[in-house]
Amino acid sequence: MQKIKKLAIANRGEVAVRIINACKELGIETLLLHSEADRNSIAYRISDDQYCVGPSPTNESYLDINSNVKGALERGAQAIHPGFGFLSENADFAKAVEEAGLIFVGPRPETISALGDKIKAKQIIKKAGVPSVPGYEGDDQSISVLTKEAVKIGFPVIVKAAAGGGGRGMKIINSESEAKDQIESAQREALGAFGSQTVFLEKYLNRAKHIEFQVFGDGQGDAVHLLERECSVQRRHQKIIEEALSPSIDDKLRKSMGEAAVALAKETSYRGAGTVEFLVQDSEFYFLEMNTRLQVEHPVTEMVLGVDLVKSQILLADGSFTLWPQEDLKPRGHAIECRLYAEDPFKMGMPSTGLLGSMKWPYGPGRRFEVGFDQGDEITSFYDSMIAKVIVWEETRERCIQKMIGTLKETLVFGVHLNIPYLIEILEHEEFQNGKFTTQFIAENFSEGIKDQSADWIPDFMKKAYLEVSSVSHQKSGFVDPFHQAWGDL
Amino acid sequence: MKKLSIEVDGKMRTAFVEKVGDQLWAQIEGRSFNYSPSRRKSGQSEASTDPTKILSPMPGKITKVSVAVGDSVEENQALIVMEAMKMEYTLSSQINSEVVKLNVNVGDQVELGALLVELGVGDV
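For the protein sequence lines, the chains are A and B, in the order given.
With our numbering applied, the first sequence covers 20 to 509.
With our numbering applied, the second sequence covers 1294 to 1417.
Zero decoy hints are in this set.
Counterexamples of contact, computed for chain B against chain A with all Cβ distances above 12 Å:
#, residue
1, Lys1346
2, Val1362
3, Gly1363
4, Asn1369
5, Val1392
6, Leu1408
To be clear about the criterion: a stretch of chain A counts as covered by chain B if any three or more of its residues have a C-beta under 8 Å from a C-beta of chain B, and this derived list gives those stretches:
#, region
7, 370-376
8, 402-413
9, 476-490
Straight-line distance between alpha carbons at most 30 Å, and here's what the computed DSSO-like set of lysine-lysine pairs gives:
#, chain 1, residue 1, chain 2, residue 2
10, A, Lys366, A, Lys483
11, A, Lys379, A, Lys470
12, B, Lys1346, A, Lys482
13, B, Lys1379, A, Lys379
14, A, Lys428, B, Lys1304
15, B, Lys1296, A, Lys470
Quick caveat, the hints were computed from the structure, so don't treat them as lab data.
Treat the numbers as computed from the prediction; the structure is a model and nothing was measured.
Built from N, CA and C at the ideal position, the CB exists for glycine as well.
Between the sequences and the hints, there should be enough to build the whole structure, so can you do that?
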């Protein structure tokens, strides 16, 4: 017996479209909980019902717990899917949804709050036997003890202000001889910046890769993993390109990481889709954090495994899902996702907003486009700049990269600038192609953004094209532009 | 959208083009260009060529005003922090000068090209 007849989506853009389409396939009616600005979006047009949760700023709409729960109740939905971002990892929201008698498509509120709390999460991963970054957080803050601990951890070691953040009070110690100076310096900075000179030590992972495992739990204590995604291409912790599988771990490491991820999911009797993020360096892996939601990059996992994670989440919430046996989850080929950001790649990613013109998404075998907006919709400054994702699948990684470059070059979007030239330069970079890139890749290779190498014929071409397009449309409408002649001699 | 071939300096050049609003957009191998005779090319920055006028390079919200009228500022000193699309951008002075006029407050939503700060270089 189907419990969910109508599902509310507390999100926007391409992920809202993704969820609505999954519901359509399952025969579930959809309710879009949207802001005022998002009346002009694909999700608004393709959903069955719409409820405005507030004005454009996110804290008055997409982050308003009461308004979202109220909308779902008022319009008769039985469940809410939070998508990613916004309220998706907010335990108070999950709790409010459940207390209102609705189904939260995601983990239990207790799981979200436990894994979101640094100290609790550490206890849980310790219990599950998942390795974390080695370090020292002891009360003895004498230079001799700190130095001894640093030697034990192994250099390089980073010393951080316990009360800190934002890079202040952080020093890197490369050898024992540097230890005293660096620790003292960090202590001084910590005292100056945060009023406390307490520091802690951590192994400094300067060549780490960001590799994460998709997990899925039935909420009863059983869980499986759906292999990994490599997401080391990051700009200021914002992922840009993701792929499955990772080009840089072998089956042995893959197996132990997968087992660690499953152990963590089982430890929390995890319900639904989640992601265990690790840092990997020198064939050692360390727990980073667990994301208790669907990830932006979930499509690459779906492509290599032939699963539908969103549909699985909804079926589980509905009580009609059976977990895949672990041994059935066998990958085939390679998948890459590129996030399309509305920004000017030649101006360090300056946001590009405006009215969208037409678009061409070059569909073909193994090409998937997750799109949130269409011609006539406006890209505003209220929300993040990811307007679409391009995902491609191929038999080998090499051909997959080649296919992504080709697909991006054929993609046409008019009205805003996109980061496509930036993505292409990354995909063509040797370090990306040989798979050796780390989380430092963007900082090391693209700290200045990319250079404008546009040909000198472009300005003239633009002027002439403007006249040609303007005159054609006027001829068509039979309208004689009195100023047209004036432009002629430009 | 249409595919257009035009002769420029004796050579045929081809691009996909479309007019959106008052601007012409062209796409060449994933790269986009825009042009309007009435407006500066937006790909070319909305930044004023006059360094005493700090214009908003994008629509967005003012999240920090780091200076007050009468303050003297140095080259590269941060004046305004704004947010758009969940990202922060810092607008700095390109010259040694003095703040003559502040047209915005924290929380203001501003349009592209809005005049935010006016600087003076007179007898500073």
